[in-house]
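Novice: The chain contents come next:
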Amino acid sequence: MDGRARASAPRLGLLLGFLSLAAGACGDRGPGEREATPAPPAANADEAAIRYLESRVRQDTGNFVAYDKLAGYYLQRMRENGSLTYLDLAERAAHASLAALPAEGNPGGLAMLAQVELAMHDFTGARNHGARLTELEPGTSYPYQILGDALLELGDYGRAAAAYRRMERLVERRGESRLNLETRLGRLAFLHGQTDAAERHLSAALASALDRDSTPRETIACCHWQLGELYFALGHYAAAETHYREALVTFPDYFRALGALARVRAAQGDVRGAIAAYERATRLVPDPTYVGALGDLYRIAGRESDARAQYDLVEHIRTLSALAGTVYDRQLASFYADHDIEAEMAYAAAAKAYVVRRDIYGADTLAWTALKAGRVEEAQAAIGQALRLGTSDARLLYHAGMVARAAGDQARKRELLGRALALSPAFDPVHAPLAREAVEE
Amino acid sequence: MTSPRRAAVRLFAVALLAGVPGATAHPLGNFTINHYARVEVDAERLRVRYVIDLAEIPTFQEIRRADADGDGSLSAAERDAYLEPVVAATIQGIDLGVDGIRVALAPGTKTLTVVPGAGGLPTLRVVADLAAAVPGGGSSPRRHVRFVDANDRDRIGWRELVVVPGAGIAIFDSSAFGSGLTDELKAYPTELLMAPLNERSAEWSFTLGAAPAGTTPLRTRDGRAATPARDRLAELIVLPELTLPIVLAALLIAAALGALHALSPGHGKTIVGAYLVGSRGTARHAVFLGATVTVTHTLGVFGLGLVTLFASHYIRPERLFPILSLISGGVVLVLGLSLFGQRLRAVLGAAGDDPGHEHDPDAAPELHAHGGHWHSHLPPGGEAARVSWRSLLALGISGGLLPCPSALVVLLGAIALRRIGFGLLLIVAFSIGLAAALTAVGLAFVYAGSLLKPPAGAGRLWRVLPAASALVIACVGVVLTLAALRENGVDPFALLSTPAERTSTVSTASLLALGLVLGLRHALDADHLAAMSTLVGQQEGLLGSSLLGALWGVGHTLSLLVAGMVVMALHVQIGPRLELALELGVAVMLILLGANAIRELRRGAHVHLHVHRHGGGTHLHRAGPTVHRGLRLGARPLAVGIVHGLAGSSALMLLVLSTIPAPLIGLAYIATFGLGSIAGMLGLSALLSLPIHFTAVRFRRANLAVRALAGVFSLSCGMVMAFEIAFGGSLFR
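Keeping their order, the protein sequence lines are chains A and B.
The first sequence runs contiguously to residue 441 in my numbering.
The second sequence runs contiguously to residue 733 in my numbering.
Calculated directly from the structure, the hints in this document are not laboratory data.
Values in this document were obtained by computation on a predicted structure and should not be read as measured data.
Careful, some of the hints might be misleading.
Examples of chain B residues lying across from chain A (beta carbon under 7 Å, computed) [stated by the list, open to error]: (1) Val-51; (2) Asp-154; (3) Ile-156.
Ideal placement from N, C-alpha and C gives every residue a C-beta, glycine not left out.
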């Protein structure tokens, strides 16, 4: 454990959720450098493959195999650059594949559809299709992966664990790569507060990824990033930063790694470096979490108008996502709650999302927004649910401490806030100081 | 699926399977910045049209930066202040090289427009016209160009590159395509499964004249060759040697090319023909027309050439072409409309013969009177249709107004090569050839017109011909004007559509075309047939019957328009009961019409015939109370049409309407539907009246029988309908 200030992982679940471990492309630049380089050969190969497949399906609309492959490529692109366009294309490709040949003969198409649903946050659909896939393809591991992922997001941790255990057995029996498995086990372990096991699993995942030559670069970058997130949650900044940099070396402009790097810099006190990294990240993908964090940092740095611009941008994104009917409620609700604005609206959004997606982070968002909206009892019930697995997440504990404070339970407040700050004293540039104040009052 | 294949697919699925993708990876709305570059290659210049399309999120940020006074909108000064650095940075980011030498792009016009995007949130569109001079070539006529766009390298977005050849240039061995896909980022293809384009760099070679053998010509995105056809006229000016025989041969070739060019679409052959057919043109008129075209064309080329040479800083010649097209189209349209007005008035005035002839020997020989009404037996509008020199001049000018680009290239090439005299001769020869062909066409129409005399008894339809030809001219004028408007960047259909539709692939034009066809077909419904058959029996001649049908169509369209407006404005639905009630109304109307027709027959409305002679011929006029209304067609067909329109309001037409978002387009759709129904009914009633018309004069009994049949048909149709509605429909339950 390094002696520097530790920051807590904001909402690790948010970030650990996206284990994109499929084919990727990348180049080899140092982090933070921005000179122009030609597109790397791998990307060109992907591009050529996509164009070829597109021309194939234009001529033959019954070519479900090509549609499946296209859907896979589109999903991969989406994971790399975060653009909705590719998700939409992937969805259309998956539907086209199933239209050409229904699921009974086309499990690949159903698998793609389930993947798309996971990406679109239609977790019930993904769960149902995952279950169907386990029937269609008994003895294979990937349906259990999909099923487990969907169950995890829905908050059904018991069944998710069961699904992952079956996946493990099948992976071992068939001698498949353990990469996907280890990341999921790692996540599960972290959620249950078993941080050492989590570290073991994620390191194994990284090793597995580096082991094979054919692993796509984005996959490797993602493994680095996940490890970085874990270390960040545990307050090991240097280790976290190392992994983020490795991710960026492996896959330049990997927006997740950039955002995470910005966060760790902020936790280390390097406000200017954090701002620079967040600016790059938001340029690539204007994720409200990054945009909001950038606004906070601008405010800390005294750049009020820039901060205002970022907050307005979040508002703008909310309007857009409402129009697109997309599921973005959780992050936006958190943003509003964190900044003490639009409390009722944030609470309504969180409550609505929690109806379907009952994972611990949904409960946490509900609790936090309920607290800000003045509904203390609801907040208490929800935060209890959020802590039910015993996750070592500083932000969760901070929220729980603030709920206890509102409920008047000083002892519990001090205990929870103390644990949060012990885990990572600078988990958030704005809220960590607030937590410290609350402990001392 | 076979087992190995299944396994392969499964393996692939596994291989591509990712873990749970992240919540942060998506649902952000649109955050792309799309780039489009079109490089137009000329011998001395490369012109780049560069378009940047910012989606809602980047627009939000950029507008904030640009809005210096914070009032929420961008003034002209703010736009300019924003555009300067943006265009400068864009130029910095483009690496354009000819034969390995980097050339500098200079900015020209720049515009910034705010375009409404998703949910009315603004998006930005930057358009910049850049130009670079092509450095002097070495020994080889082949030049090589490389274009690399490094702008916004790290942002995702649509990147499109297009290369187009200028006049006389051939592009080959190109890695870019010769056509665009999104109409300069205005309309992205949504129905195809296609990942966004990512064309950031391209290379190609070009040369003046034809592409060398063995090279791959430039292709459009759908695979066709994009290189324009060889410009043979332009090749004449670059002939290496100019001896007298060669010059003479070149002049002949130029004249031949001009004649060939006249035979291609455009240059007003339709107009000339229509005009001369409808009037009593002589050979002199045709020649005059040809001469006008020659002179206008030659002057036009010279004028444009002068502009290009001396005034290209103030006026860009390419901007003139669309304006000239617009003027040309406008002249034709105005001419056609005024002619149509003149001739229609003459037709309607001349129609309606009354019984009883008189001759006034003192009056002009062709004038005589029937029943107190003086008229002549020239084709109606014949007096008005005398060829006026002014109209001919107007026609000739409009035909020659648009100089052929090849001729312009010849002129400019002549000046560059210092062969001005030769160039001028070539242009004059070309124009003479053009005019000769047009004159020949005109003469052909003149002599054809004089060969065809209207057959005896063909009646009024023949007399409508001049007016019809004027209508044709007007229609051509409309088409030309619309096309010219589009060239000028004004899309008339875009005015009717919402922004969302501009990106839709079902064009308004095709929707309206559908309406026209549906209307045509709609006219042929059985109950419409029944009603019209009773009405046409009471009219004389094809013209009257046709116009009856047109009136019906007008009434039908009127009620459809009203109903459509009500539906769209008030969002009312026409319920099933109301619909059935209206159809019952139609049934009742059919019964009444049929009964009335039969009643009139029984009352003894038979055909009166008058025999008389004048002007050396004998002819018959039908007469009788039910017939001699001439073209006073009465309100009956109109009323019938209105009732039919009301009943049909809930049909297919409204079904389609509900899918049309913009009310203005919906009304346009109804209008075209109505036009189609008018046209359909016009034709139909003409057809229906044929048996009546042909039996009217000789076969009286047959005539009565036909009309009785029509009446019975209508009566029974109406009764069956009423029966169905009353007992089949749910009106009375």
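Novice: Next step is simple, just say for each hint if it's right about the structure.
Specialist: Going down the list of hints, with the structure as the test:
1. Val-51: Given a least distance of 19 Å, the restraint on B/Val-51 is violated.
2. Asp-154: Because about 6 Å separates B/Asp-154 from the closest Cβ in chain A, which is inside the 7 Å limit, the hint holds.
3. Ile-156: holds, 5 Å
In summary, the structure is inconsistent with hint 1 from the numbered list given earlier, while agreeing with all the others.
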